[in-house]
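Chains A, B, C and D are the protein sequences, given in the same order.
When we follow numbering that gives the first Met the number 0, the leftmost residue of the first sequence carries the number 0, and every step to the right adds one.
When we follow numbering that gives the first Met the number 0, the leftmost residue of the second sequence carries the number 0, and every step to the right adds one.
When we follow numbering that gives the first Met the number 0, the leftmost residue of the third sequence carries the number 0, and every step to the right adds one.
When we follow numbering that gives the first Met the number 0, the leftmost residue of the fourth sequence carries the number 0, and every step to the right adds one.
Take these hints with a grain of salt, some might be off.
Where chains are identical, the list cannot tell them apart; a pair therefore holds if satisfied intra-copy or between any two copies.
[To be verified] Derived DSBU-like pairs (lysine-lysine); straight-line CA-CA distance at most 30 Å: (1) Lys192 - Lys390; (2) Lys224 - Lys75; (3) Lys192 - Lys299; (4) Lys5 - Lys308; (5) Lys75 - Lys299; (6) Lys75 - Lys5; (7) Lys147 - Lys224; (8) Lys305 - Lys201; (9) Lys5 - Lys365; (10) Lys5 - Lys147; (11) Lys308 - Lys365; (12) Lys305 - Lys370; (13) Lys365 - Lys201; (14) Lys305 - Lys147; (15) Lys192 - Lys347.
None of these hints come from the bench; they were simulated from the model.
Protein chains: 4
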Amino acid sequence: MSFPGKIINDPIYGFISIHHPLVMQVISHPWYQRLRRIYQMAFAHLVYPGAVHSRMAHSLGAYHLMQLALSELQRKGVQLTPDEEVGASIAILLHDIGHGPFSHALEGELIGNRSHEDMSLAMMHQLNNQMDGRLQMAIQIFTNQYHKPYLHQLVSGQLDVDRMDYLIRDSFYTGVSEGVIGYDRIIKMLTVKNDELMVEEKAIYSIEKFLVARRLMYWQVYLHKTVLAAEQMLVRIVRRAREIGAESHYPLSYFLSGEYAVAPEQFMLTNFAMMDDIDIMAAIKQWQNHNDPVLSRLCKALLQRKLFKLRFQNEPVSEEILAEKREQLVHRSGLSAADAEYLAFAGKVSNTTYHHHAERISIAYKDGSVKDISEVDHALIQQNLAAAVDKYYICWMTI
Amino acid sequence: MSFPGKIINDPIYGFISIHHPLVMQVISHPWYQRLRRIYQMAFAHLVYPGAVHSRMAHSLGAYHLMQLALSELQRKGVQLTPDEEVGASIAILLHDIGHGPFSHALEGELIGNRSHEDMSLAMMHQLNNQMDGRLQMAIQIFTNQYHKPYLHQLVSGQLDVDRMDYLIRDSFYTGVSEGVIGYDRIIKMLTVKNDELMVEEKAIYSIEKFLVARRLMYWQVYLHKTVLAAEQMLVRIVRRAREIGAESHYPLSYFLSGEYAVAPEQFMLTNFAMMDDIDIMAAIKQWQNHNDPVLSRLCKALLQRKLFKLRFQNEPVSEEILAEKREQLVHRSGLSAADAEYLAFAGKVSNTTYHHHAERISIAYKDGSVKDISEVDHALIQQNLAAAVDKYYICWMTI
Amino acid sequence: MSFPGKIINDPIYGFISIHHPLVMQVISHPWYQRLRRIYQMAFAHLVYPGAVHSRMAHSLGAYHLMQLALSELQRKGVQLTPDEEVGASIAILLHDIGHGPFSHALEGELIGNRSHEDMSLAMMHQLNNQMDGRLQMAIQIFTNQYHKPYLHQLVSGQLDVDRMDYLIRDSFYTGVSEGVIGYDRIIKMLTVKNDELMVEEKAIYSIEKFLVARRLMYWQVYLHKTVLAAEQMLVRIVRRAREIGAESHYPLSYFLSGEYAVAPEQFMLTNFAMMDDIDIMAAIKQWQNHNDPVLSRLCKALLQRKLFKLRFQNEPVSEEILAEKREQLVHRSGLSAADAEYLAFAGKVSNTTYHHHAERISIAYKDGSVKDISEVDHALIQQNLAAAVDKYYICWMTI
Amino acid sequence: MSFPGKIINDPIYGFISIHHPLVMQVISHPWYQRLRRIYQMAFAHLVYPGAVHSRMAHSLGAYHLMQLALSELQRKGVQLTPDEEVGASIAILLHDIGHGPFSHALEGELIGNRSHEDMSLAMMHQLNNQMDGRLQMAIQIFTNQYHKPYLHQLVSGQLDVDRMDYLIRDSFYTGVSEGVIGYDRIIKMLTVKNDELMVEEKAIYSIEKFLVARRLMYWQVYLHKTVLAAEQMLVRIVRRAREIGAESHYPLSYFLSGEYAVAPEQFMLTNFAMMDDIDIMAAIKQWQNHNDPVLSRLCKALLQRKLFKLRFQNEPVSEEILAEKREQLVHRSGLSAADAEYLAFAGKVSNTTYHHHAERISIAYKDGSVKDISEVDHALIQQNLAAAVDKYYICWMTI
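Generate coordinates for the entire structure from the input sequences, incorporating the hints supplied.
Structural data, given as structure tokens:
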């Protein structure tokens, strides 16, 4: 074969190597290149200015970890065909292809309640058609229909390469060095038993560290009050624009108007794949001068980083407190009571340190037995961490 | 004073501290916040996907190094007033405020031949008005009219904190770890003599290393053939759009139409300060579908990373070779001969390892003598490195 | 003052600065310089070859963190006199001065059951005499008799700079990157309330991470079965040499013979301060050829890294298993039954993730309240982690 | 085969993998394990306290880089047999096996003028006998008698893995971060042409950086005046002990007495392989109390880090200056004139940035041509850097 391979520089792993022409073809596709224009962490850069890395960088990183994991498993005697290697590689490259502008922050706002996983799968099918069915294996692995479940678990599970890369990468770019995990050690400890992905006994402490790092990143970064406040502003901008029918460019207008919902899937996907953070940012820049005072205020404030205030508390926010905030707003800003609801509101976030039921981390002992990490002796990770922690917040614009 | 200070996370330095309210006020200004939306390295991320950091991150980093340098000089007995500290800090924070979208890549395309330094100064004057003259000292330092030239040299000189930060930061984000410099060691070796900034004798090897790292970053990153090719595409897009009067949004339209040239300075600046990378990227996304085939092809190719090819050579590109490339293009693409000039062209880049005359690096010896680094015994950095190295290139679209 | 200061290169912190002449005097003292010749991690380098750093490097590192912590507290309004700064600095520099050869590994073997803290204090008193009482403040802080308990807590507590440095440094040198802690973030979060050292509310996740990193380092490194095996060999070598009266050089002979126990304290200390790892290693090299087969076998095996085997289990090792191992040894090696007790034995190690009672980590909330970290909402660190975890082991020489 | 492989933690590369049982056998040999007890950088730790890494750590690191380099060459189509891989691996593992205590610092003092390379070869022959001739290929590669010269060049050449590792490692452990080189990039650029090791065209700037980093490490670390002073003390201690016949332990006594010179080679080698830094350090500790005042003073001063002063100059030290220093010594110390020659003396050190003749770095161009790096256009590395730079010094004990 004449494909000479390609090396990509990465600030974290040094070099990422592309060996297979089909992988290169996927990476070169305009839909994949679009991931360059979507921030991995939406507006986290308003708090952590370094965190401006793209979904593409993350996806390439996860691909790199997949290569390392597959090599390690092969070294331990797991048999893999070249097609399986390529399939797992493409599954991870495309796992986030269905994210829209600002990814999680706008999920649920632009295309109804379709999840990004659902969109990823729909787009993978389209790409598979364009590429003569050569993504079939990738799709099977992605949807866990392939007969080697551990390949799916590497793409999506408690210990998948997606999580490993995003924790490392988000930690690296934010400068919150405590999120760093020992990915090389975890990968060296991966093993397969009964076709399931497991970790060896001696990895227990590294896994604990991984779960605690994830816990830290959630509360310190992803759910940081100012990050959350900025993302709530974004959500409210999009909702307001839709409600008042604010003008925007195609293809954003196509989604805001609701047209997408009645169009054929393939047409909708083509339009979706034309959108990225630029479309939203450009609209926000235009809407700064919109004559709706709520929309223009929100846009201006977000661009100038005059962010909402947000306060966390353990119990739901009372109606009285919320009403009081809204009255203050009306009083000070001259906005209507209805408008004030846009600019002062309550909400809830939730995070679980370890999903006990859904996705287990299994420890393979030397004596052949298998235990869930929450059941090992003297476990750090216990039942009580498996419950979701809810935090309630009130969020409001300061005038 | 009631300003409690602010700490910003940085992936390189860990924490950057803001102690003074005036510094905070500058950072909070919309013109400064706009630097979030300008890539530090324009389209270098098409080759180095990690290199998506913003001008703001660089400017905060240079500010941090300024704090370290000023502390070190004070520790060595250099007397500085609080106003001088704040002045130098703001001068470095604002040194790049005058960059437009895609900074260097589009310099000379949007506002005629005004340099970004010139624009920075103009914008600093405006800000100074808004802030009741409190930026006076910063402006004096920036323009080297203050009676302590070493403060200016820290902002702009062979060894300034601007260069130190961009080398470190660009090296960090690209993953080209060889560009890393020993900034902490260089800063520890800074000294002032006769009001000039110098380095102590024992820093010679660190300075050599700094100049060689810079040389490497230029040829390996900033002037990388693919980076250059992408930036040439951008330049050609903007030129074409202007020539054919392609529609765009305000304020980009104001600059493309040439209106800016006949407007009052202050009005022009206000408009300029509204523009960032988003405006250009949004226009490119729209122009993909323009009916001018040159413009639409260029835009689509850039977005999809189907970049120009570029070949360096030591001698100027001959007319014959260029003519041949253009003919090929016409033949294959059906474009007109005139259009082909847009898509196949020649150029020149230039870099100097050490500017011997313009900006010296002076070594302060223990015995009181001073030498230029190119004159020390057994110098690595010599006359021959002071000459600019020119490289010629031919660049063309592949169809 | 004519002391120009001194800068020491450190691989972790970059530069460590010495500003005060008394600090320099302490560092230059032969007793302090002796710490260069004591491994920080005894024989951990037999498992982690990079881990050959000295007690001196650790002690300088802890000193550096003390500077950072004191600066941070001062920035937050805690008033400190120059004498207090120097006192706390010297207290941390000398906190480990009383360690003998191979530190913890031989604690209890050379000078009876005197702890290294006890020896450190005795040596600090001697040094104080030599330095005209100028270490008085350091001694008060070290012994927690100074009226600002937080200074002692920085030297010795759950969150002291000693632990911070050893976790970072041991993690760095072993290559077990997961032990890395966010020391800069923790230090930025330190505060003083009611003269006690506390951390601010937002540091909770960093502290959790710190405790989990410590837990990991204990089980993965400090109590690693091969490290423990090597250290047990060392202990048995010293015991055997003492029992059979094996010849050694002064001053080691002075301690092995028990003479030290009947000598005046000052004389004993002077001799103690002459010993370091070199004395033990040189004796082991000589004893390789001793005619006692137990001693010579042990010495040869340790030097050639033919280490004991060690197996952990959750229950105490039964007498039967132990007897069996010893019989095997006798059978295969021709050693006597009595000798076999030296070469096959059982033991126990113990570690606690969080000392709930002894040394608290207090969280200072913004509303003025204070909680122990094990009592915050949704705490990771809970009662059950406060119990010591015991592991039992059997350890034997393979012939 | 039942060898399960072994993973070694390394602070620089993360994990080093041993795949072949013969490699494991070499590493487990007592002669190799002895390298644990020899500092890689002798007394550099008196200036850079972190630099206490062992020859073993370096040798394992160079072995790791060899694996990376061989993989890369194979990826580029260079055919290698498993025996060649193992041979090159063992050649690099053993390249420094012939170093004695304190390596370069005492080279020429203990076994006449036999170089460490010569001793390495002699020891490799012995090991080859013990291992039934299985080191034959390693010896051929080490001595450049194998028909693929590039394998030898990887072990010993301008760009060998030995240099790469020691620059990285010494830089890492000293904290002189400027010595860091982009080893991964250089290795990715290695290629073989006409059976010679070369680098690809685009590696030019990385190679320049490598040579400048090496230049920096020489002048800033290896030939640092205080490092040199400490090593001169060591040399003088050993010479003095030999001259006055100071008592020492076997096997050091065997070498100091000169007996080794008349013994059979094999016996000499066995004794040599019993010595390491411990023997020298233990002797120095004993000689502190020797009744020869020169010897005891030197030993005490070295242990307490009261080091010689050393001053560099560009011209040889004049007899007058030297005589004056010695007179001062006699005057102040009460030593004899003869003794003063031990404690005040002159010398010379020398370093070459690029060995133009001896060992070339060849650049392989895409067009098939080959150039030496000093001949490429706009080269940084030029004729003038190929000349050795000599520095003269005077060195003396301060009383």
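(request) Have a look at Lys192 and Lys299 and pick one of within, between, both or neither, based on CA distance no larger than 30 Å. (result) neither (55 Å within a copy, 41 Å between copies)
(request) Can you give me the call for Lys308 and Lys365, within, between, both or neither, at a CA distance of at most 30 Å? (result) The answer is between: 17 Å across copies meets 30 Å, while 52 Å in one copy does not.
(message) At most 30 Å between alpha carbons: which applies to Lys75 and Lys299, within, between, both or neither?
(response) neither (56 Å within a copy, 35 Å between copies)
(request) With 30 Å as the alpha-carbon cut-off, assign the pair Lys305 and Lys201 to within, between, both or neither. (result) Answer is between; shortest inter-copy Cα gap is 23 Å, intra-copy 48 Å.
(request) Indicate which option fits the pair Lys5, Lys365 if close means a Cα-Cα distance not exceeding 30 Å: within, between, both or neither. (result) between (40 Å within a copy, 17 Å between copies)
(request) If the cutoff is 30 Å on CA atoms, where do Lys224 and Lys75 land: within, between, both or neither? Let me know, please. (result) Close across copies (24 Å), not inside one copy (44 Å); limit 30 Å.
(message) Please sort Lys5 with Lys308 into within, between, both or neither, judging by C-alpha distance up to 30 Å.
(response) So Lys5 and Lys308 pass the 30 Å test across copies only (16 Å; inside, 46 Å).
(message) Treating 30 Å as the Cα threshold, decide for Lys5 and Lys147: within, between, both or neither.
(response) both (29 Å within a copy, 28 Å between copies)
(request) Check Lys305 against Lys147 for me: Cα-Cα at most 30 Å, and say if that holds within a copy, between copies, both or neither. (result) Classified as neither; 50 Å inside a copy, 37 Å across copies.
(message) Treating 30 Å as the Cα threshold, decide for Lys192 and Lys390: within, between, both or neither.
(response) For Lys192 and Lys390, only the inter-copy Cα distance (28 Å) is at most 30 Å; the intra-copy one is 38 Å.
(message) Please sort Lys75 with Lys5 into within, between, both or neither, judging by C-alpha distance up to 30 Å.
(response) Classified as both: same-chain Cα gap 27 Å, cross-chain 13 Å, threshold 30 Å.
(message) Reference check for the pair Lys305 and Lys370, CA-CA at most 30 Å: within, between, both, or neither?
(response) Answer is neither: 50 Å inside a copy and 33 Å across each miss the 30 Å cutoff.
In this structure, the earlier hints numbered 3, 5, 7, 12, 14 and 15 are contradicted, and the remaining ones agree with it.
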